[in-house]
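Visitor: Sequence:
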Amino acid sequence: MTIYAVYLTTYHGSKLPMYYIGSSSVSKINDGYHGTVVSKKYKSVWLSELKNNPQLFKTRIIRTYETRKEATEVECRIQKALGVVRSPMYINMATASVNGFFGMPTKGRIVSQETRDKLSKVHKGKTISESHRQAITAKLGGQVSNRKGVKMPPEYGELQSKLKKGIPNLKNRGKVASDATRAKLSAAKKGKKQSSDHAENKAKKHRKEYQITHPCGKIEIIIGLAKFCRENDIKQSSLSDVVNGRSKSHKGFVATLIDSKSSFPLPVNDIDELAFAC
62 MTIYAVYLTT YHGSKLPMYY IGSSSVSKIN DGYHGTVVSK KYKSVWLSEL KNNPQLFKTR
122 IIRTYETRKE ATEVECRIQK ALGVVRSPMY INMATASVNG FFGMPTKGRI VSQETRDKLS
182 KVHKGKTISE SHRQAITAKL GGQVSNRKGV KMPPEYGELQ SKLKKGIPNL KNRGKVASDA
242 TRAKLSAAKK GKKQSSDHAE NKAKKHRKEY QITHPCGKIE IIIGLAKFCR ENDIKQSSLS
302 DVVNGRSKSH KGFVATLIDS KSSFPLPVND IDELAFAC
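Everything in the sequence shown is counted per the numbering used here, starting at 62 for the first residue and increasing by one.
Keep in mind that the hints were calculated from the coordinates and are not lab data.
Any given hint might turn out to be false.
Here are the simulated distance ranges between beta carbons [said to hold, decoys possible]:
no.: 1; residue 1: Ser190; residue 2: Lys251; range: 51 to 61 Å
no.: 2; residue 1: Ser190; residue 2: Lys250; range: 48 to 58 Å
no.: 3; residue 1: Gly218; residue 2: Glu281; range: 27 to 37 Å
no.: 4; residue 1: Ala199; residue 2: Ile284; range: 28 to 38 Å
no.: 5; residue 1: Ser239; residue 2: Ser173; range: 16 to 26 Å
no.: 6; residue 1: Ser105; residue 2: Thr63; range: 44 to 54 Å
no.: 7; residue 1: Glu191; residue 2: Ile284; range: 57 to 67 Å
With a cut-off of at most 25 Å between alpha-carbon atoms, the simulated BS3-like pairs for lysine-lysine come out as follows [claimed, not checked]:
no.: 8; residue 1: Lys253; residue 2: Lys263
no.: 9; residue 1: Lys101; residue 2: Lys141
no.: 10; residue 1: Lys76; residue 2: Lys279
no.: 11; residue 1: Lys76; residue 2: Lys101
no.: 12; residue 1: Lys269; residue 2: Lys251
Predicted model only: the values in this text are computed from it and were never measured.
For each residue, glycine too, the CB sits at the ideal point set by N, CA and C.
Please model the complete structure; the sequences and the hints are all you need to start from.
Guide: Shown next, in the form of structure tokens:
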């Protein structure tokens with residue numbers, strides 16, 4: 062009997078993001094399988110590193126399942142919860158599906174007026190036939206959610222709260238507040254003074270997060286470059302050049318900015334908890 066599993070591959074190099082989440086058979090993983098990357102962005106680098114530096118890849122099984130479908134469904138839920146497609150910490154450029162793969166999500170993106178005009182022109186004058194309407198109604202009518210009546214464990218709610226913390230609300234992105242709303246917000250905050258703790262917390266919140274690769278290959282996540290540069294005798298402006306793509310490295314260090322607005326890197330040990338909650 063074939064047993065399937067959701068697995069986490071950790072890459073300990075500097076040419077790819079740190080993690081890859083996938084699912085496959087346990088026997089295949091035990092034989093050294095680390096995942097299949099087909100995206101244009103990472104495929105060639107992934108294959109090259111697997112061939113020339115296989116020691117940089119470590120894969121561990123998160124949880125096992127009796128069927129391929131179960132493993133794929135949990136893989137997909139974990140990928141969506143972690144926002145792997147948008148995260149610079151993950152090699153995944155698509156989320157898994159039982160019937161295939163879906164690419165980069167477009168939710169929250171602002172479409173240009175030129176694109177809007179093209180779409181409008183394509184669909185202008187089109188009408189849906191009565192038979193088409195009836196077919197849609199027949200397909201959707203009377204469907205019941207597959208989650209109806211399913212009770213989740215108490216810790217599931219806490220986990221979901223943890224997962225969503227820090228994820229931006231895309232629903233209001235691009236909206237312009239009215240003058241009345243602006244006036245109300247201004248009046249509510251007028252005269253308020255920030256405490257020293259509040260000011261410090263606000264400063265910490267705006268410090269950027271970076272993935273640092275040391276000359277020895279060690280990878281760590283830091284907040285703010287200044288302190289790290291002082292502790293490691295590194296020139297901050299030179300490391301900033303690496304972050305901005307003007308230099309490949311500085312004294313053997315490689316730094317990459319983690320965009321917390323568009324990604325949600327979760328500590329690796331919480332992935333196990335998420336797998337059981339799914």
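Visitor: If a hint holds in the structure, say so; if it doesn't, say that too.
Guide: Cross-check of the supplied hints:
1. Ser190 <-> Lys251: 51 to 61 Å: 59 Å, holds
2. Ser190 <-> Lys250: 48 to 58 Å: 55 Å, holds
3. Gly218 <-> Glu281: 27 to 37 Å: 32 Å, holds
4. Ala199 <-> Ile284: 28 to 38 Å: Once the Cβ atoms are compared, 54 Å apart, the range 28 to 38 Å for Ile284 and Ala199 is violated.
5. Ser239 <-> Ser173: 16 to 26 Å: 25 Å, holds
6. Ser105 <-> Thr63: 44 to 54 Å: Violated - the Cβ-Cβ distance for Ser105 and Thr63, about 31 Å, lies outside 44 to 54 Å.
7. Glu191 <-> Ile284: 57 to 67 Å: 59 Å, holds
8. Lys253 <-> Lys263: With a Cα-Cα distance of about 15 Å, the restraint between Lys253 and Lys263 holds, given a limit of 25 Å.
9. Lys101 <-> Lys141: 21 Å, holds
10. Lys76 <-> Lys279: 13 Å, holds
11. Lys76 <-> Lys101: 14 Å, holds
12. Lys269 <-> Lys251: Answer violated: Lys269 to Lys251 is near 28 Å, above 25 Å.
In summary, the numbered hints that this structure violates are 4, 6 and 12.
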